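A.B. asks: Please model the complete structure; the sequences and the hints are all you need to start from.
2 protein chains.
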Amino acid sequence: MSESRLSWLPFLEKPVPADLTEPAQVAAFELSQVPGAGFRLAPDASLPEEAWSVAQGEIRGGRTGILYGTYACLEALKLGRPLPEGLQQPLYDSRMIDCWDNMDGTVERGYAGRSLWFEGGKFSYDPDRIRRLGRLLASCGLNVLCLNNVNVHEPAQNLIADWLPKLAAFAGLLRPFGVRLMTSIDFSQPMREDGPTADPLDAGVQAWWKECADRVWAAIPDFFGFLVKADSEHRPGPFTYGRTHAEGANMLARAIAPHGGKLVWRAFVYNCMQDWRDTHTDRPCAAYDTYAPLDGQFDDNVILQVKNGPFDFQVREPVSPTFYAMPRTHLALEVQLAQEYTGQQIDIYAMPPMWDELLEDLPPQTVSAVAAVSNMGRDANLCGHPFAALNLYAFGRYAWSPAPRAAEVIRDWVGLTYPGLTADERKTLAGLLLDSRSVYEKYTAPLGLCWMVSPNNHYGPSPDGYEYQAWGTYHKANRDAVGIDRTAKGTGYAAQYPPEMQAVYEDPATCPDELLLFFHRLRYDYVMRDGRTLIQRIYDDHFAGLEQTQKMAETLYALPLPEPDRTEARERMALQLHDAREWCDIVNTFFHRLSGVPDAHGRKIWD
Amino acid sequence: MSESRLSWLPFLEKPVPADLTEPAQVAAFELSQVPGAGFRLAPDASLPEEAWSVAQGEIRGGRTGILYGTYACLEALKLGRPLPEGLQQPLYDSRMIDCWDNMDGTVERGYAGRSLWFEGGKFSYDPDRIRRLGRLLASCGLNVLCLNNVNVHEPAQNLIADWLPKLAAFAGLLRPFGVRLMTSIDFSQPMREDGPTADPLDAGVQAWWKECADRVWAAIPDFFGFLVKADSEHRPGPFTYGRTHAEGANMLARAIAPHGGKLVWRAFVYNCMQDWRDTHTDRPCAAYDTYAPLDGQFDDNVILQVKNGPFDFQVREPVSPTFYAMPRTHLALEVQLAQEYTGQQIDIYAMPPMWDELLEDLPPQTVSAVAAVSNMGRDANLCGHPFAALNLYAFGRYAWSPAPRAAEVIRDWVGLTYPGLTADERKTLAGLLLDSRSVYEKYTAPLGLCWMVSPNNHYGPSPDGYEYQAWGTYHKANRDAVGIDRTAKGTGYAAQYPPEMQAVYEDPATCPDELLLFFHRLRYDYVMRDGRTLIQRIYDDHFAGLEQTQKMAETLYALPLPEPDRTEARERMALQLHDAREWCDIVNTFFHRLSGVPDAHGRKIWD
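Residue numbers (the working numbering), protein chains in the order written: chain C, 1 to 607; chain R, 1 to 607.
The list cannot tell twin chains apart, which means a pair is met if one copy fits it or any two copies do.
As a list, the in silico SDA-like pairs of lysine to any residue whose alpha-carbon atoms are at most 20 Å apart:
1) Lys-476 <-> His-592
2) Lys-476 <-> Gly-596
3) Lys-210 <-> Pro-196
The hints are simulated quantities; they were obtained by calculation from the structure and are not laboratory data.
Just so it is clear, the structure is predicted and the values come from calculations on it, not from any experiment.
C.D. replies: Written as structure tokens, this is what we have:
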């Protein structure tokens, strides 16, 4: 298995030479690998840095735009598609990949092998591979990489101290691709270095961070900024000192503002020590409750990064209401490419259909940046499953130009990645990928019924696995009913939405089926819009998901994918088939034991 | 916190000098620490090695008996109890402690800190502490220590190869205390050293083990033998080659027989890859099914080590039927001091009452050896909880002279360990300990309902935690009923017992309440002998267990234990209280959600 496997850019075979330092040089090198492409480069410093256009074979672009344009034109050429017309520019300035890599080489929620750049408590990487990574990121338009876990474990605190020269060297590898570095920091860092406090209103703390920022930007002048997970899941934060998250974030933002740095603050605060007996606290309410009152209080270089849903990357969640509540704040949308709850790169799960739906509820202008938790690792195929690279590629495409386009992006990725397939085969594979999210949802968590996963590892079914735990993730299924009432009569979560959305969610008769049990507690004999009872729909959806997986497997097995992708995809498909059956049977058995209702079609539900 | 804390022998303060090599020398040294004890030593080579007697202040004994006698007499003196009359001899020659220590320093299912002798892949210990350990073991009459995990992880395979000199040195530390060493071995070891097979009928394999044994016993002439976990939970074994466990064990036994070695073979085979849908396979049947047909086929120096119950150290199990099925085999009873399923040395759990019950069903002569999985670790108090040392001490007492004696042993341990308490306080503590098992059982797993624990870590409640897993541990609770029918109409497990026991277990009207749901599947409205319904008993027992824990805490808090025991016991009691409440509320909620039956007394059951 070659280390040079490059999903979606297989025609760029040569490593990028180490002596290229500017995107324009990289662009010229890439063009040189595609004889007959016939493009000329015309760098144009008068254009916005990331903008580009193409006309009469001339790619004109700003400093990094010239490279984005080159990749886009080469891709269009390979796909036989027309070149875009007019000036191309990304909607968002910051298109970020957050890597949850630890310096010991592990990757939190990583399913593609160990870290690409850390091992044994230090930097350890193949520079060629990092440059190939830069090529991939630039080719889909991504421009920021946070290289360490938001849970900052020892010794990653030292990335911005003792490790700064190594960090600068690493930044240098990605700079020719227009990719800037970010690090996750520990809010209590001043105390780790023997300071008496990390209180953001303390002058000593403020001076400490300013000095730290000066040091970091002196070493890496184009450093992007800091990412912070504060007061979340046992991370330190401003709450320790009775300060708001605005006070905490602004203190850091002011330290880095003179350097043009961005302070990315994760809006991921909830009570992870909830008593399961407590029915008043409702975790989905937490981000809105914490942050909405702070709208307008964040400095201009703060980006508040909000997860797509109010929970945590479940297969189906409503869009987070926080997005509608903070018009005076720079918000970033955070999605997760690592398939923590969506198959862990074993199950096929193409994300674009999910993002299409997201865009229906969340107009692109609501946010001003996007971030994705990485799915990359040291595996030869980068993302664990050969098809998981689609999600990385697609995220870049959406980040550049957010619009519903699942079919197009999937078709492009398939065409670029598997040029040896026939048009029919490509269409078949694209169709399989396009359907994969719906299939996965059906056998795992239809009707908005999330969190029935194995605790800790989050893979596989465990219907009651999170039911008595402290994470605020309950379904409270009993012999009569299931779900949490999040309407005005229940926890009131639905009221966090704008009135027109609230109205839809509030009433089970109008609430979309896919979110029904997210918003409502319903009896098993509740009759759905399609005339079936809730319990029958639970059975039907799980059986349908399993059947569709079996068909998906047949389709996959028949596809003449190139090796090693074919073997890898088949091996993982066998696991997916097994696991889909587990999901279907275990969830159905769980509800059958509770409800006592037999399947209307007499299918086998195990005792 | 002093490293020299010695539960039950606090009057022996001085470390045993390193230059003592014989038990008689140790005996003399120990006596010298108790001025005025007034005992004289009379070693008597004509006595059996472990036998001793005392008369007119003279302790007469065989080679190790002289030391056992010394400890017993000093203890009697300290307790103010009469000295025993006549010749004292242990019922079993082999009284073993199995340590699940890994060479990386971890202890599997260890809750008392890291390994006492391994760290970082090698031996690493304080010789003084190992000698203190030898003193403790000898003082309660234990004479074999297996120093490594039955799951033999790298590099522990090398204990009997490259590490042999270190092993010999370690054996030398315990020899003055009459404690002999044993190691767990890997059945596939010949293949690890590049042999083509580990087939027990292969002449090369047989020669390999003979050469290995020659080497081990040359280095350690009094080495006790090998302990083997084969074909169990993914360990290698004779099944790989289509051989029986008798063939596997005998091959090893013959290699070590010339040296007088014992081959201890764990009878712990079951299908740990069971499909939860499979209702024909019943894990408790496995040991009997595998081993009973082999009775009479094991060599004389094989000891077949059988766990006390047919599952795996649950708080309540019936005695394993295998004990009654193998009269022509040397059997060892295996119990677990490590409180894997019984509170993990957080919850107070004194085992002697459990062993009293065990002896009711299992006459001591049924087995010819005893073994206990260790609860020891590097914690200053050796066993994690200051009271957990009771279980180690008591195991030694039972091993020497198995008879129902819980109250006596607990009273003695309390008297020896806490001489500063008043008689009333000692009585209070002894009473608390005597009740602790019953209290724990009530709030965790009354009525024989086991395995409702958190998967993997085995601490805390998770009613459905093992329900859909591959370990063969199911209760199959649904809205109407709970339990597995193990009668003739069910899996047939009860038929593995002698007829008179089978008759008792087979009928819910005669089956002891504590085992009711182990043997029977019953509806929640089943009326128990005391007139209460099953569901009400489930509620009542859990509430009672919680209440009794609260009273236990009050009692404990009022006891003026010496420090640091007082603080340690109070800290753990706070955890126990919290966890007892979790058990009570979670299990009751689980059954309330299923059954819909309210508590007859209107107590709060959470939704």
